[in-house]
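Asks: For reference, the chains in residue letters:
There are 2 protein chains.
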Amino acid sequence: MEVVKWTEGKIRILDQTRLPADEVYLDLSTYQEVGAAIKEMKVRGAPIIGIVAAYGLALGAFGLSTNRQQEFVDGVIDIARSLLATRPTAVNLFQAIERMTAVLHNGPDPELVRQALLEEARQIHKDEEDNTVIISNLGAELIEDGYTILTHCNAGALATSGDHGTALGAIKAAHLKGKQIKVFANETRPLLQGSRLTAWELLRAGIDTTLITDSMAGHFMSQSAIDCVVVGADRIAANGDVANKIGTYSLAVLARANRVPFYVAAPTTTIDMSTRSGKLIPIEYRSPDEVTLFHGVQTAPEDIKAANPAFDVTPNRYVTAIITEKGIARRPYRQSLSQLRPARPLSVEAQIEGGPRG
Amino acid sequence: MEVVKWTEGKIRILDQTRLPADEVYLDLSTYQEVGAAIKEMKVRGAPIIGIVAAYGLALGAFGLSTNRQQEFVDGVIDIARSLLATRPTAVNLFQAIERMTAVLHNGPDPELVRQALLEEARQIHKDEEDNTVIISNLGAELIEDGYTILTHCNAGALATSGDHGTALGAIKAAHLKGKQIKVFANETRPLLQGSRLTAWELLRAGIDTTLITDSMAGHFMSQSAIDCVVVGADRIAANGDVANKIGTYSLAVLARANRVPFYVAAPTTTIDMSTRSGKLIPIEYRSPDEVTLFHGVQTAPEDIKAANPAFDVTPNRYVTAIITEKGIARRPYRQSLSQLRPARPLSVEAQIEGGPRG
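These protein sequence lines are chains A and D, in that order. The opening position of the first sequence corresponds to residue 1 in the numbering used here, with each subsequent residue numbered one higher. The opening position of the second sequence corresponds to residue 1001 in the numbering used here, with each subsequent residue numbered one higher.
You may find that some hints are simply not true.
[Claimed, not checked] So these bits of chain D aren't anywhere near chain A, every CB distance computed over 10 Å:
no. : residue
1   : K1179
2   : F1184
3   : V1297
4   : I1328
[What the hints assert, rightly or not] To give a feel for the contact side, a few chain D residues facing chain A, derived at Cβ under 7 Å:
no. : residue
5   : L1203
6   : T1210
7   : M1216
[Said to hold, decoys possible] With a straight-line cut-off of 27 Å between C-alpha atoms, the simulated BS3-like cross-links for lysine-lysine are:
no. : chain 1 : residue 1 : chain 2 : residue 2
8   : A       : K10       : A       : K42
9   : D       : K1279     : A       : K182
10  : A       : K326      : A       : K305
11  : D       : K1177     : A       : K179
12  : A       : K39       : A       : K5
13  : A       : K182      : D       : K1305
14  : D       : K1305     : A       : K305
15  : A       : K177      : D       : K1305
16  : A       : K42       : A       : K5
17  : A       : K279      : D       : K1182
18  : A       : K126      : A       : K10
19  : A       : K179      : A       : K42
20  : D       : K1305     : A       : K42
21  : A       : K126      : A       : K279
22  : D       : K1039     : D       : K1010
23  : A       : K305      : D       : K1042
24  : D       : K1326     : D       : K1305
25  : A       : K305      : D       : K1126
26  : A       : K5        : A       : K305
27  : D       : K1179     : A       : K305
28  : A       : K39       : A       : K10
Since the hints were derived computationally from the structure, they do not count as laboratory data. None of the values given here were measured: they were computed from a predicted structure. For every residue, glycine included, the Cβ atom is placed at its ideal position computed from N, Cα and C.
Please put together the full structure from these sequences, using the hints given.
Replies: Below, the structure is given as structure tokens:
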């Protein structure tokens, strides 16, 4: 399974909206198509959004016909702006575009810069895949033999590329080390990434998986059926507050009430040292149709209003540990996270609208 | 809207599995059809299950051709057993059948007993409707002008018959008293009673309603968007532990974490003084298909396991108050509930298999 691949000037992605019924690959040949695929969540998951956006910027640069330096740079910055505007919460998008636009200062020749942009995108892709291997092995150490692990949404290979993922990477690595584990997967309404994507990945990995609705997680925790919760993240603030798929905050509160450890697995590209606290993380609101329709079928009355925040913020006090490729951070997070990833000014983002607030 | 009606030897019910798309009424003409309608949740909600089962017992008694007393009584007890076996959690079913079978001792003539059974069913129906009026008015006092109320599943007229309901009755009564209120309705997976039934009832009542997925409730509480939670109940143990639709426990924990009052509205027929604590309440597990299929469409991988507990138990410490037709109970519940509803031996249930445990 290759979730994302650059090949012959196109970006091939696995269409995640079609899983598990159909394994359909899409070839994206313009940066606009890349932006649309991100917006429509044909590709989703914080790390892979960064990867695909990076390739999208390279694609856009190759599509610019000019070889005049300033015109080229202006064109790339416009493309960056367009890609940054696709989804507001996952910070990996901003981090990846920042790495990409830094390459613009490499030299005066647009053709060389185009090649350098593609190389940087490939490197971002490789870095994120490497990160998942380390995160998986570190995370597996926290999962004991006999554990039943609860997870939410999809923080697997589909969200990161590679074979592992972050939260699911830790679970798969524990399984590969021979630990007898079971997983409860939340279906993750409204878009069912848990039942469609996580269940699919864990079945392929041969892991004993039970699907539940999001509303059942607390019940199973109260029955002592869950030994730990492991989830991914879309943005982690400097103080350790975690933005992740809507429903994560509820799991964290329920885990605390039931003395269940609550782990977050994410690469350091998900940490945003420029955002002081989770209160400052922008939360994407998506179409109410995702709540009122189900596979195209209207399930609620026609005239009903619906709200659809795609993420929530879990305060750091509920987070037992954050597993990154540079080590496992624990409270106090302001200190432990800054040791993992020194703060630096987001210089390029600062000049581009749509960058992270705070 | 008449959710349930006895007419010419048949029980007419509104098929709740078809709402909100279609308003379809079903005529049930045998007790077996009544049992199936309860099992398949064509009629659902603790109080109305009791009402429909009572009518079903009367229907079954009219269907017994014998006029020999012992044969008749044995036949009615068999029908009672069959109806009691339909769903295990809501205690109103057991309370209603207990009231009905007590009528068997009224006299030796089966024909008179048949009439007495029908009268008792009508009285149970009337009592439950009367209960909702008082509960609605008492509950409305706890809802202040300007409140936004969160509710889960459907504890409306569809669950009780009449015009009110319990949790929704309190909300509707507050609205009718001129209080400016808003409601957030959880969709309530897996069967979407919130989006299909509660949204439908509240729209008809002209109340400002926003539909959310169950996983969003905690987020909105953390944003101070919710002033109180009001839900119904399927069985309340003597110590005030509350069994209700799966997901209720999670809401209660989240309400506590966010200092939001958590109210339960239910008639005293939902209180089971013979069950000492919530741990002893039997929890119905329903088909995994309700989790993996949606409107007949498979949303999860074919081979995935799923768990489907239909209810959970909220420990009494999370319950701010229980609103009944006999008054509002507060902690300590063992004392306050026993004052509302003195314990009495469930003599008839004790002789029938399938009665409440504990």
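Asks: For every hint, state whether the structure bears it out.
Replies: These are the hints, each one checked on the structure:
Consistency note on K1179 of chain D: stated as away from chain A, and its beta-carbon is indeed over 10 Å from all of that chain's, at 19 Å minimum. Not every C-beta of chain A lies more than 10 Å from that of F1184 of chain D, the closest at about 8 Å, which undercuts listing it as non-interface. The Cβ of V1297 of chain D sits about 5 Å from the closest Cβ of chain A, inside the 10 Å cut-off, so the non-interface label is violated. Its beta-carbon lying about 26 Å from the closest one in chain A, I1328 of chain D satisfies the requirement of being farther than 10 Å from that chain.
At a threshold of 7 Å, the smallest CB-CB gap from L1203 of chain D to chain A is about 5 Å, leaving the interface hint in force. Here the hint on T1210 of chain D is kept, as its CB sits about 5 Å from the closest CB of chain A, short of 7 Å. Interface restraint check for M1216 of chain D: the shortest CB-CB distance to chain A comes to about 6 Å, inside 7 Å, so the restraint holds. With a C-alpha separation of about 16 Å, the suggested pair K10 of chain A and K42 of chain A falls inside the 27 Å cut-off, and the hint holds.
A threshold of 27 Å between alpha carbons decides the hint, and for K1279 of chain D with K182 of chain A the separation of about 25 Å falls inside it, so the pair holds. For a cut-off of 27 Å, the pair hint linking K326 of chain A to K305 of chain A is broken: about 44 Å separates their Cα positions. Using a Cα cut-off of 27 Å, the hinted pair K1177 of chain D and K179 of chain A is violated, with the two alpha carbons roughly 60 Å apart. For the hint pairing K39 of chain A with K5 of chain A, the CA-to-CA distance comes to about 19 Å; that is within 27 Å, so the pair holds.
Using a Cα cut-off of 27 Å, the hinted pair K182 of chain A and K1305 of chain D holds, with the two alpha carbons roughly 12 Å apart. In summary, the hint linking K1305 of chain D to K305 of chain A is not supported, as the alpha carbons are separated by about 33 Å, beyond the 27 Å threshold. Taking the CA atoms of K177 of chain A and K1305 of chain D, the gap is near 23 Å; set against the 27 Å cutoff, the hint holds. Distance restraint check for K42 of chain A and K5 of chain A: the Cα-Cα separation of roughly 14 Å lies within the 27 Å cut-off, and the hinted pair is therefore satisfied.
Straight-line distance between C-alpha atoms of K279 of chain A and K1182 of chain D comes to about 25 Å, which keeps the hinted pair within the 27 Å bound. Pair hint K126 of chain A plus K10 of chain A holds up; C-alpha atoms about 18 Å apart against a cutoff of 27 Å. Restraint check for K179 of chain A and K42 of chain A: the C-alpha separation of about 33 Å exceeds 27 Å, so the hint is violated. Pair hint K1305 of chain D plus K42 of chain A holds up; C-alpha atoms about 26 Å apart against a cutoff of 27 Å.
This hinted pair does not check out: K126 of chain A and K279 of chain A have alpha carbons roughly 32 Å apart, beyond 27 Å. Taken as a hint, the K1039 of chain D and K1010 of chain D pair is honoured in the structure, with Cα atoms around 18 Å apart against an allowance of 27 Å. Between K305 of chain A and K1042 of chain D the alpha-carbon distance is near 26 Å, which keeps this suggested pair within the 27 Å criterion. With a CA separation close to 44 Å, the supplied pair K1326 of chain D and K1305 of chain D exceeds the 27 Å bound.
Of the pairs offered as hints, the one joining K305 of chain A and K1126 of chain D is violated, with about 34 Å between alpha carbons and a cut-off of 27 Å exceeded. A distance of roughly 40 Å separates the Cα atoms of K5 of chain A and K305 of chain A; the hinted pair therefore is violated under the 27 Å criterion. For the proposed pair K1179 of chain D and K305 of chain A, the alpha carbon gap of about 20 Å is at most 27 Å, so the pair holds. Simply put, K39 of chain A and K10 of chain A have alpha-carbon atoms about 18 Å apart, close enough for the 27 Å limit, and the pair holds.
Consistency with the previously given hints fails for numbers 2, 3, 10, 11, 14, 19, 21, 24, 25 and 26, ordered from lowest to highest.
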